[in-house]
Amino acid sequence: DGGITQSPKYLFRKEGQNVTLSCEQNLNHDAMYWYRQDPGQGLRLIYYSQIVNDFQKGDIAEGYSVSREKKESFPLTVTSAQKNPTAFYLCASSIKKVSIVANEQFFGPGTRLTVL
Amino acid sequence: AQTVTQSQPEMSVQEAETVTLSCTYDTSESDYYLFWYKQPPSRQMILVIRQEAYKQQNATENRFSVNFQKAAKSFSLKISDSQLGDAAMYFCAQTGTASKLTFGTGTRLQVTL
Numbered sequence: 005d006g007g008i009t010q011s012p013k014y015l016f017r018k019e020g021q022n023v024t025l026s027c028e029q030n031l032n033h034d035a036m037y038w039y040r041q042d043p044g045q046g047l048r049l050i051y052y053s054q055i056v057n058d059f060q061k062g063d064i065a066e067g068y069s070v071s072r073e074k075k076e077s078f079p080l081t082v083t084s085a086q087k088n089p090t091a092f093y094l095c096a097s098s099i100k101k102v103s104i105v106a107n108e109q110f111f112g113p114g115t116r117l118t119v120l
Numbered sequence: 053a054q055t056v057t058q059s060q061p062e063m064s065v066q067e068a069e070t071v072t073l074s075c076t077y078d079t080s081e082s083d084y085y086l087f088w089y090k091q092p093p094s095r096q097m098i099l100v101i102r103q104e105a106y107k108q109q110n111a112t113e114n115r116f117s118v119n120f121q122k123a124a125k126s127f128s129l130k131i132s133d134s135q136l137g138d139a140a141m142y143f144c145a146q147t148g149t150a151s152k153l154t155f156g157t158g159t160r161l162q163v164t165l
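Line order of the protein sequences matches chains A and B. For the first sequence, my numbering begins at 5 and goes up steadily by one. For the second sequence, my numbering begins at 53 and goes up steadily by one.
For the record, the hints were derived by calculation from the structure and aren't laboratory data. Warning: the hint list may mix true and false statements.
Capping the alpha-carbon separation at 27 angstroms, the derived lysine-lysine pairs in BS3-like fashion look like this [claimed, not checked]: (1) B:K125 - A:K100; (2) A:K13 - A:K87; (3) A:K100 - B:K122; (4) A:K87 - A:K100; (5) A:K74 - A:K100; (6) A:K18 - A:K100; (7) A:K87 - A:K61; (8) B:K107 - A:K100; (9) A:K75 - A:K100.
Taking the hints into account, I'd like the entire structure generated from these sequences.
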């Protein structure tokens, strides 16, 4: 079955530690995205990538880093510089079409990160 | 900058009745898409319906339909014949350049018997 997987589902981290969240897709999508969701707020874009080896900052990139070495994978590292990392993190992907500015994004099941 | 506003934090509807969720947006883009996503307790984001801004006809997907008023920058979602499984958070979203999605803060929909 095609889809997006995120692991782990729950993640606990001590303050001062970096942690990496995994996102893998087998939909052959070019574009991938990371969002953060906090209670009472909508999803906010952290980083996105439209092609391998290229990515751009979203609205709240500070304290996060990403890589896009393979089309299928877009891991997110939450660094110790992120002041309030406890949140629900969602990964998404979409087909990138040059002639259309927007495409449906498909979401993974999410990772709940808790800083102890 | 794009903004999406959902002014109803919570809504309630009786089973089999109809409910409308409101959404307004602001953008300087001429070409964009609008979406409604559903997030049930599992927290999986599920696309409900989408509207292409250049299409005047309102999108419809089974019991879900939208009222798209481009001049007013309004994009409401109507759910007909509400079912218990419709209970969820509903997010309005807009995308423009680079396919980046901007989300509203969501509306929690309760469905009562």
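Now the hints, each set against the structure:
1. B:K125 - A:K100: holds, 25 angstroms
2. A:K13 - A:K87: Roughly 21 angstroms separates the two Cα atoms, so the pair holds.
3. A:K100 - B:K122: holds, 25 angstroms
4. A:K87 - A:K100: Roughly 33 angstroms separates the two Cα atoms, so the pair is violated.
5. A:K74 - A:K100: holds, 16 angstroms
6. A:K18 - A:K100: violated, 37 angstroms
7. A:K87 - A:K61: holds, 17 angstroms
8. B:K107 - A:K100: This hinted pair holds, its Cα atoms lying about 21 angstroms apart.
9. A:K75 - A:K100: It holds: about 12 angstroms lies between the C-alpha atoms, which stays within 27 angstroms.
When the structure is compared with the earlier hints, violations turn up for hints 4, 6 and for no others.
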